[in-house]
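Colleague: Here are the chains, one letter per residue:
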Amino acid sequence: KEVEQDPGPFNVPEGATVAFNCTYSNSASQSFFWYRQDCRKEPKLLMSVYSSGNEDGRFTAQLNRASQYISLLIRDSKLSDSATYLCVGGWNQGGKLIFGQGTELSVKP
Amino acid sequence: NAGVTQTPKFRVLKTGQSMTLLCAQDMNHEYMYWYRQDPGMGLRLIHYSVGEGTTAKGEVPDGYNVSRLKKQNFLLGLESAAPSQTSVYFCASSRSGSYGYTFGSGTRLTVV
Numbered sequence: 001k002e003v004e005q006d007p008g009p010f011n012v013p014e015g016a017t018v019a020f021n022c023t024y025s026n027s028a029s030q031s032f033f034w035y036r037q038d039c040r041k042e043p044k045l046l047m048s049v050y051s052s053g054n055e056d057g058r059f060t061a062q063l064n065r066a067s068q069y070i071s072l073l074i075r076d077s078k079l080s081d082s083a084t085y086l087c088v089g090g091w092n093q094g095g096k097l098i099f100g101q102g103t104e105l106s107v108k109p
Numbered sequence: 001n002a003g004v005t006q007t008p009k010f011r012v013l014k015t016g017q018s019m020t021l022l023c024a025q026d027m028n029h030e031y032m033y034w035y036r037q038d039p040g041m042g043l044r045l046i047h048y049s050v051g052e053g054t055t056a057k058g059e060v061p062d063g064y065n066v067s068r069l070k071k072q073n074f075l076l077g078l079e080s081a082a083p084s085q086t087s088v089y090f091c092a093s094s095r096s097g098s099y100g101y102t103f104g105s106g107t108r109l110t111v112v
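In order, the protein sequence lines correspond to chains A and B. The opening position of the first sequence corresponds to residue 1 in our numbering, with each subsequent residue numbered one higher. The opening position of the second sequence corresponds to residue 1 in our numbering, with each subsequent residue numbered one higher.
Wrong hints could be hidden among the right ones.
[Unchecked claim] Below, in silico cross-link-like pairs of lysine-lysine (BS3-like), each with a Cα-Cα straight-line distance of 30 Å or less:
| no. | chain 1 | residue 1 | chain 2 | residue 2 |
| --- | --- | --- | --- | --- |
| 1 | A | Lys1 | A | Lys41 |
| 2 | A | Lys44 | B | Lys57 |
| 3 | B | Lys57 | B | Lys9 |
| 4 | A | Lys96 | B | Lys71 |
If you're looking for bench data, these hints aren't it; they were derived computationally from the structure. Keep in mind that this is a model prediction, so the values were computed, not measured.
Put together the whole structure using the sequences plus the hints.
Modeller: Printed below as a string of C-alpha cells:
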C-alpha cells in the first residue's frame with residue numbers, strides 16, 4: 001500500500017498522550033495531511049504536515065522525508081478526540097491524494 | 001456557504017439497475033474526485049477531474065462512468081449496478097493538491 005498506518009484501535013484514558021505513525025512508499029509525494037473521520041461521517045481535514053513540523057493546539061504533526069514517515073501527536077486526549085485518523089499523501093499537480101486505512105482512537109473516561 | 005453537496009444520501013438498488021450520484025460544490029474548485037469507502041479497504045479513488053470537461057480514471061474505475069460538464073458539478077454513474085458496488089461514496093473537491101480536500105457527507109448505496 002502506498003500509505004500505511006497501524007489500524008489500532010488505540011484505547012487511551014483521558015489526558016493521555018498518543019502518537020500515530022504512518023509511512024508512505026512514493027518518494028515523489030509532495031503534500032501530506034492528517035484527516036479525522038467520525039463514525040459514518042465524511043473525513044475532515046485536521047492539519048497539513050510540513051517538514052518543519054507544525055502544531056495546532058494539542059496536535060503536532062511531523063514529516064520526515066528521508067524516512068518517508070509522518071506522525072501525529074495528540075496531547076491531553078479528550079473524549080471528543082475519539083475518531084479514526086487518516087494519514088494522507090499526494091501530489092500537487094492533479095491534486096490526487098492517497099489515503100491510509102486509518103487509525104482508530106478511543107479515548108475513555 | 002454549502003461546500004460540497006452530495007445527492008442522494010441513501011439509495012437501495014437492485015442488481016442491474018442504473019443510477020447517477022450528483023456532487024455539487026460552490027467553492028469554485030478546479031479539482032473534483034469520487035471515492036468509495038469499504039470496511040478494511042480505506043478510501044479508494046474511482047475517478048477524478050482536474051477541470052470542467054475533463055475526467056480521468058483512478059484506482060478502481062471499472063463499472064463507473066463520470067462527467068463534468070459544469071465546473072461545479074461532478075456526476076458518478078453506475079450503468080448496471082452489482083452487489084460489489086455496495087459502499088459509501090464520497091465526493092471531494094480541491095483548489096489544488098497542496099490544500100487538501102473538502103468532502104461531501106457521502107452517499108450510502110446498497111445493491112441487492
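Colleague: When you check the alpha-carbon spacing of lysine 44 of chain A and lysine 57 of chain B, does it fall within 30 Å?
Modeller: holds, 24 Å
Colleague: Below or equal to 30 Å on CA atoms is what counts here, so check lysine 96 of chain A against lysine 71 of chain B.
Modeller: holds, 17 Å
Colleague: Taking 30 Å as the top limit, are the C-alpha atoms of lysine 57 of chain B and lysine 9 of chain B close enough?
Modeller: The hint holds at about 24 Å.
Colleague: Against the 30 Å threshold, does the CA-CA distance of lysine 1 of chain A and lysine 41 of chain A hold or violate the hint?
Modeller: Answer holds: lysine 1 of chain A to lysine 41 of chain A is near 24 Å, not above 30 Å.
Against the hints set out earlier in the document, no violation occurs for any number.
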